[in-house]
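Protein chains in written order, with my numbering: chain R, 1 to 531; chain W, 532 to 860; chain C, 861 to 1187.
Just so you know, these hints were derived from the structure itself, not from any lab.
We treat Cβ as the ideally placed atom computed from N, Cα and C, and that holds for glycine.
Misleading hints may appear alongside valid ones.
As the list claims (entries may be wrong) - With a Cα cut of at most 25 Å, we get these calculated PhoX-like pairs of lysine-lysine: (1) W:K717 - R:K204; (2) R:K316 - R:K204; (3) W:K752 - R:K204; (4) R:K316 - R:K399; (5) R:K111 - W:K618.
As the list claims (entries may be wrong) - Chain R residues, not near chain C, derived (Cβ > 12 Å throughout): (6) L36; (7) T84; (8) G98; (9) T103; (10) S143; (11) F210; (12) D232; (13) D254; (14) Y377; (15) C384; (16) A386; (17) Q517.
Below are the chains, spelled out letter by letter.
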Amino acid sequence: MQWKATAIAGALAAATLMAAPTAGAKEFSWAFQGNLQSLDPHGLFETFTIGFHGNLYEPLIGYDDKMNVVPMLAESFTQTDANTWRAKLRAGVKFHSGNDLTTDDFIFSWKRALTEGSDMKVPARKIKEIKKIDDLTFDIITSNPNPILPRSLLILYVMDKEWSVAHKTEAATNLKGGEEGNFANLNANGTGPFMVTEHAAGVKTVLKRFDGYWRNIASNVTKATFTPISQDATRVAALLSGELDMVYPVPVQDWQRLTDAPGVQPLAGPEARTIFLGFDQVRDELLYSDVKGKNPFKDVRVREAFAHAINVEAIKKKVMRDASFPTGLMVAPQIGGFVPEMNTHWAYDTDKAKKLLAAAGYPNGFSLTMDCPNDRYVNDEKICQAAAAMLARVGVKVKVLAQTKSKYFGKVLSQNNYDTSFYLLGWTPGTMDAHQAIEPLMACRTKEKGRGLFNLGGYCNERIYALAPMIESETDQAKRAAMIREVFKIHQDEVGHIPLHQQPLSWGVSDRVTVNQRPDNVLDLRYVVVK
Amino acid sequence: MFAFIIRRLLQSVLVMLTVALIAFALFRFVGDPINNLVGQDTTLQDRQKLRETLGLNDSVVVQYWRYVVNTAKGDFGYSYMHRRPVKTMLLERMPATLELSIISILLALFIGVPMGVYTSLRRDGFLAKIFMSISLIGISLPTFLIGIMLILLFGVILRWLPTFGRGEVVALGTWTTGLLTVSGLKALIMPAITLALFQMTLIMRLVRSEMLEVLRTDYIKFARARGLSNRAVNFGHALKNTLVPVITITGLQLGSVIAFAIITESVFQWPGMGRMFIEAVADVDIPVMAAYLCLIALFFVVINLIVDLLYYAVDPRLRVDGGGSGGHG
Amino acid sequence: MAVEAAAMAERGGEVPDLSLWRRTIDLLQRARDSDIWYSFKRSPITIVAAAVTAVIILSALFASWVAPHNPFDLATIDLMNASIPPAWMADGDTRFLLGTDDQGRGILSTIIFGARISLGVGFASVVFALIVGVGLGLISGYVGGTVDAVIMRIADIQLSFPAILLALLVDGVARGLLPRETHDELAIYVLVFSIGISGWVQYARTVRGSTLVEKNKEYVQAARVIGRPAILIILRHVLPNVMGPVMVIATIHLALAIITEATLSFLGVGVSPTEPSLGTLINVGQDYLFSGEWWIALFPGAVLAILVLAVNLLGDWLRDALNPKLR
Chain R
1 MQWKATAIAG
11 ALAAATLMAA
21 PTAGAKEFSW
31 AFQGNLQSLD
41 PHGLFETFTI
51 GFHGNLYEPL
61 IGYDDKMNVV
71 PMLAESFTQT
81 DANTWRAKLR
91 AGVKFHSGND
101 LTTDDFIFSW
111 KRALTEGSDM
121 KVPARKIKEI
131 KKIDDLTFDI
141 ITSNPNPILP
151 RSLLILYVMD
161 KEWSVAHKTE
171 AATNLKGGEE
181 GNFANLNANG
191 TGPFMVTEHA
201 AGVKTVLKRF
211 DGYWRNIASN
221 VTKATFTPIS
231 QDATRVAALL
241 SGELDMVYPV
251 PVQDWQRLTD
261 APGVQPLAGP
271 EARTIFLGFD
281 QVRDELLYSD
291 VKGKNPFKDV
301 RVREAFAHAI
311 NVEAIKKKVM
321 RDASFPTGLM
331 VAPQIGGFVP
341 EMNTHWAYDT
351 DKAKKLLAAA
361 GYPNGFSLTM
371 DCPNDRYVND
381 EKICQAAAAM
391 LARVGVKVKV
401 LAQTKSKYFG
411 KVLSQNNYDT
421 SFYLLGWTPG
431 TMDAHQAIEP
441 LMACRTKEKG
451 RGLFNLGGYC
461 NERIYALAPM
471 IESETDQAKR
481 AAMIREVFKI
491 HQDEVGHIPL
501 HQQPLSWGVS
511 DRVTVNQRPD
521 NVLDLRYVVV
531 K
Chain W
532 MFAFIIRRLL
542 QSVLVMLTVA
552 LIAFALFRFV
562 GDPINNLVGQ
572 DTTLQDRQKL
582 RETLGLNDSV
592 VVQYWRYVVN
602 TAKGDFGYSY
612 MHRRPVKTML
622 LERMPATLEL
632 SIISILLALF
642 IGVPMGVYTS
652 LRRDGFLAKI
662 FMSISLIGIS
672 LPTFLIGIML
682 ILLFGVILRW
692 LPTFGRGEVV
702 ALGTWTTGLL
712 TVSGLKALIM
722 PAITLALFQM
732 TLIMRLVRSE
742 MLEVLRTDYI
752 KFARARGLSN
762 RAVNFGHALK
772 NTLVPVITIT
782 GLQLGSVIAF
792 AIITESVFQW
802 PGMGRMFIEA
812 VADVDIPVMA
822 AYLCLIALFF
832 VVINLIVDLL
842 YYAVDPRLRV
852 DGGGSGGHG
Chain C
861 MAVEAAAMAE
871 RGGEVPDLSL
881 WRRTIDLLQR
891 ARDSDIWYSF
901 KRSPITIVAA
911 AVTAVIILSA
921 LFASWVAPHN
931 PFDLATIDLM
941 NASIPPAWMA
951 DGDTRFLLGT
961 DDQGRGILST
971 IIFGARISLG
981 VGFASVVFAL
991 IVGVGLGLIS
1001 GYVGGTVDAV
1011 IMRIADIQLS
1021 FPAILLALLV
1031 DGVARGLLPR
1041 ETHDELAIYV
1051 LVFSIGISGW
1061 VQYARTVRGS
1071 TLVEKNKEYV
1081 QAARVIGRPA
1091 ILIILRHVLP
1101 NVMGPVMVIA
1111 TIHLALAIIT
1121 EATLSFLGVG
1131 VSPTEPSLGT
1141 LINVGQDYLF
1151 SGEWWIALFP
1161 GAVLAILVLA
1171 VNLLGDWLRD
1181 ALNPKLR
């Protein structure tokens, strides 16, 4: 640990004396595989970034350690009529700058989230209008009844209007921005328990406890240092050598090593992310296949054959080292609307798969190319390879095209016209509600309505398409649950996708600290305790 | 002389333009930068608008020309990923890479030269054969494997050295250095060795063959005939004559060492330009990648130009033939 | 041939009746009596290196017969066989002498098939670089002037980019320019091209130097005066002279090409993981070093190191043997 505390040169001798942490100083250092790209809370809609910002900035309502939705900056947040929500801010909340939190700050933040550089436009657009009542009270007006509005606003962090205006960062970080990019991109001023003291993008970010934080939290950390480490081996080595207190993700195969090593432990749990396979069911001829003139995936028997050919238990045992949770549904148990009794995968049955393929007119199988990311999900590429080998056993020759996530997404997403025949994808509904899986993944693709944006294979069932908006606005929980269940049933019968498993959260933690592992793979410093 | 300099300069400019074209053309066609800028929920209209703002919809020629003009002004644009000026990022990262590269080169020189001298003097000696074998093993193992092995041994098992990063750095104006702190020096050891290994082998072999050549010359034979001691002949005469080409070639190699640091930096999580480049490749961060390529080319062109001019100054009869014994994998 | 014979006749010599067969015999005899063969016999390390290289090349060539099973045939792989340690260890399985990888492929078989890809990419890259380099070197040296300057400037630009960087570049360009459907089939050619293109400079410089020397000799100028295509004469005189250095460069380049391929795999630009090369295998195995499944990375790593070492030793020996000054 000495290297961390060692102070600046010039006075090396003095530095050695200073190396011992002063009484009460509790330091915590951790690493993640990706970079913290921006400090701008409206900059990037991505789980890690949003999660990190959650230590600096706060929303009206937020997650507690179990991911229950609890009041944060809003003392209360209630629906007064179909399209109106009344919010009352907590009194006495201060920003790091010392300014008080007021209604104007929230209105400013909402408007900022709608500016050109913002990546938070989708949640911000759920709000049609905000009516200020007084300094701490306001009404939010929506254009449609929206029972899950509070969840939509979980990631809409509140910035300080005065600070933003003073530093000319009234708009979200713009790509063509000013001299140093945009002030909020490199500096932060929120209401959260930690403030940024140093931010070298891509190298390290140092946080300091904010003394004026509005509530008591479990954490006793006074200084926290974040380092991005992209290589798995280096990350694990840094934890094993005691340089870091916590790293994530840890490759599942290294759990045993962490268990055996003194002073560190793996910390695992189910992530709310479902990994699944999808097929191109729209084109009349597959882009990457030797079947010409027709699309085998339009035939439900072929899709079912694939489902029976994949041995999810073997993937669990060998690829995921018993750490995954095989699934039959497109959403995880933590997601609102999950149906436990439907969560069984198709039976592994190669004979049945062969028969189904033969019945569909492919007794000798066919060949195709599969698109796969290799740095996005836990062992993603290895899952694809294993699936390819399993499909080879029923005669389908699959070539795996595994690429980095940016190349992969650049190929298969909407802006490249869904350029794929067969792919692996993972999904966590941002709102932790099934609707956020149904609308983007299972509803027919319609550009104008914005549905099915991530339905890469274009699976389409009219009934599901009709149900999606109904589920969004239905306020009767029983009716809503029934509709979700109906969607799941249709989707399962038609093998719209093949859900494989929920991947595990995989962290490595030093015995020096206790941390809370949130199901969405976010580290909340509020719950980090250094011994 | 003047005409020669002008011609050389023009050629250098042409080289830089070509590199800029290659860099630009390559990265204009890899991946879709838009995808990396926005989250998965962003709508098509927003994506389209962003394309427009970034000028990604303009014709390729227009985009290239804009790039050249801006680059000449030192403006490499903004990183798509970090939303900061690439220039600032390069300046931030450059000290880390330069320190690592220069220390590695020095390390390679100070170990490689004596080993080369020794192996040339004791061509058939046992130790010389061992050195030659070690040097061969050094170039027969991929750099990344050596790095990982070092981490495993010295970082994890023995826990002597830090496994990643640069340690504590000190800011001297705009330059950050890790050479003034204990942690910085400790962090430098493994990456520097990993990066130096290949150069060390190269230098050792170069010194050996140059020494063997020189030792055969009449000049040395006369020196011996004059009754000078072996020591005086070997070091005073032979080595002195060898060092000029060795140092020239080592200098020329600096550019390639800086670039070759990509692998070392990514294994050791060294916060230098190479890692920035690799991250940029993965993120399709076009401005960063293009700037890095141009910078590497600039390094090379400048070093090459200096060497050419020096040679020319020293001996105008010399046929100026540019580079050294060439790049390595 | 006709031109050559005519040229010889013109110079007053008789056209010798040398059939291909006789010439081959002659060559072999000369080789046996040559200094090279002598120095080969005298160097036990070189003999071992040659033997090792031969064994690896032969087993790679005849992989289908040598390997216990074909790991590239996905239908024969069972995921449940994954991560089995080498046969002599506690949980070993005699079917898999060196254990299995994370997908259930036998390490031994995968190494043999992987070596085929590594060597294939290596050889192809070298041949490619050799043809381009010798060609451009001849043109550069013979034509001179602007052409020479342009080619040598390109060589300079080229040298400012190490092979790795260049390969990343070329790979990116190829992926951008080639139609998507062909990526997979062309991936390996792209790899060969990107590794090969980084190596031509040294061949070109060597050949250019020799050409410059030959060009100004009197007989070449004489040939030019009487209107003979002097390039043919140069070819006849330059190529034999540079064959030695070119062979040395080629051997060392082969070792470099194999390593470059492995490093590219480490950086994620290698061949498809379903048909792995040695480099891809090491890269995969690296993920399992901490978890104790050392055999996945270690055996391919050892084979790669031994192969490259052997080739380098051969290159070393060849250089010393061909350099008359060192004899």
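- 12 Å cut-off, C-beta based - C384 of chain R kept clear of every residue in chain C: 9 Å, violated
- Given as non-interface: A386 of chain R, partner chain C, CB spacing beyond 12 Å: Incorrect as stated: the minimum Cβ-Cβ distance to chain C is 5 Å, not above 12 Å.
- Task: Could you check that no beta carbon of chain C comes within 12 Å of the beta carbon of D232 of chain R?
- Result: Not fine: 6 Å to the nearest Cβ puts D232 of chain R too close to chain C.
- Message: Can you confirm whether the C-alpha distance between K316 of chain R and K399 of chain R stays at or below 25 Å?
- Response: Holds, because 22 Å separates the two Cα atoms, which is no more than 25 Å.
- Item | Given pair status - K204 of chain R, K316 of chain R, alpha carbons within 25 Å | Violated, because 35 Å separates the two Cα atoms, which is more than 25 Å.
- Message: Check whether the Cα positions of K752 of chain W and K204 of chain R lie no farther apart than 25 Å.
- Response: 60 Å, violated
- Task: Please work out if K111 of chain R and K618 of chain W have their alpha carbons no farther apart than 25 Å.
- Result: With a Cα-Cα distance of about 31 Å, the restraint between K111 of chain R and K618 of chain W is violated, given a limit of 25 Å.
- Message: So T103 of chain R supposedly isn't at the interface. Is its beta-carbon more than 12 Å from every beta-carbon in chain C?
- Response: Non-interface label stands for T103 of chain R: nearest chain C Cβ at 49 Å, farther than 12 Å.
- Item | Interface-negative label, S143 of chain R against chain C, beta-carbon threshold 12 Å | 40 Å, holds
- For G98 of chain R, is the shortest beta carbon distance to chain C beyond 12 Å? Non-interface label stands for G98 of chain R: nearest chain C Cβ at 47 Å, farther than 12 Å.
- Non-interface label on Q517 of chain R, tested against every C-beta of chain C at 12 Å: The claim stands: Q517 of chain R keeps its Cβ more than 12 Å from every Cβ of chain C (closest is about 21 Å).
- T84 of chain R clear of chain C by more than 12 Å, beta carbon to beta carbon? 50 Å, holds
Going through the hint list in order, the structure does not satisfy hints 2, 3, 5, 12, 13, 15, 16.
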